[in-house]
Amino acid sequence: MSKHPLVKGVEVDAQTRCAHYQSDRDIIAIKFHCCKEYYACYYCHHEQAGHPPSKWPRQQWGEKAILCGNCHHELTILEYMESKRCPQCEHRFNENCSLHYPLYFDRK
1 MSKHPLVKGV EVDAQTRCAH YQSDRDIIAI KFHCCKEYYA CYYCHHEQAG HPPSKWPRQQ
61 WGEKAILCGN CHHELTILEY MESKRCPQCE HRFNENCSLH YPLYFDRK
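full-length UniProt numbering numbers the first residue of the sequence shown as 1 and each following residue consecutively.
No lab work stands behind these hints: they were computed from the structure.
Among these hints, one or two may not hold up.
In silico lysine-lysine, DSS-like type, Cα no more than 27 angstroms apart, as pairs [claimed, not checked]: (1) K36 to K84; (2) K84 to K55; (3) K84 to K8; (4) K108 to K55; (5) K8 to K64; (6) K55 to K36; (7) K108 to K36; (8) K3 to K36; (9) K3 to K64; (10) K84 to K64; (11) K36 to K64; (12) K3 to K108; (13) K55 to K8; (14) K84 to K108; (15) K108 to K64; (16) K8 to K36.
Could you put together the complete structure from these sequences and hints?
Written out as structure tokens, the structure reads:
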């Protein structure tokens, strides 16, 4: 039986929602480039990591860095950016998360 990655954050639930984002579609966690650890969101990392975040460079967007909180499937950054739902369980993602891409992903 495979073990699910640990998701850090503030008041993280079983589907990776946190104190900052709690809608039905807020079900992804992000592996931060700087520490290679999953956090529920940018604010959770800011409050708990003890170091500043770094962005994933474009050449590493093929790395698995997104975790679906519904089924625990790991997606590459590109897979996540190109889909509106998890390819494994088909749970819909929050479409407004794309507004936060500049916090996590270097678009240069």
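Outcome of the hint check:
About 24 angstroms separates the Cα atoms of K36 and K84, which keeps this hinted pair within 27 angstroms; it holds. For the hint pairing K84 with K55, the CA-to-CA distance comes to about 22 angstroms; that is within 27 angstroms, so the pair holds. Only pairs whose Cα atoms come within 27 angstroms are accepted, and K84 paired with K8 is accepted, the gap being roughly 24 angstroms. The straight-line distance between the Cα atoms of K108 and K55 is roughly 11 angstroms, inside the 27 angstroms bound, and the hint therefore holds.
Pair hint K8 plus K64 holds up; C-alpha atoms about 17 angstroms apart against a cutoff of 27 angstroms. Between K55 and K36, the direct Cα distance comes to roughly 11 angstroms. Compliance with the 27 angstroms bound is thereby established for this hinted pair. Between the alpha carbons of K108 and K36 the distance comes to roughly 21 angstroms, so the proposed pair stays at or under 27 angstroms and holds. This hinted pair checks out: K3 and K36 have alpha carbons roughly 17 angstroms apart, not beyond 27 angstroms.
The suggested pairing of K3 with K64 holds, with an alpha-carbon distance near 16 angstroms, which does not exceed 27 angstroms. The hinted pair formed by K84 and K64 meets the criterion: a straight-line CA distance of about 17 angstroms does not exceed 27 angstroms. Straight-line distance between C-alpha atoms of K36 and K64 comes to about 10 angstroms, which keeps the hinted pair within the 27 angstroms bound. With a CA separation close to 34 angstroms, the supplied pair K3 and K108 exceeds the 27 angstroms bound.
Straight-line distance between C-alpha atoms of K55 and K8 comes to about 18 angstroms, which keeps the hinted pair within the 27 angstroms bound. Restraint check for K84 and K108: satisfied, since their Cα atoms lie roughly 23 angstroms apart, inside the 27 angstroms limit. Under the criterion of a C-alpha separation no larger than 27 angstroms, the hint pairing K108 with K64 is consistent with the structure, at around 19 angstroms. This hinted pair checks out: K8 and K36 have alpha carbons roughly 12 angstroms apart, not beyond 27 angstroms.
The structure does not agree with numbered hint 12 stated previously, though it agrees with all others.
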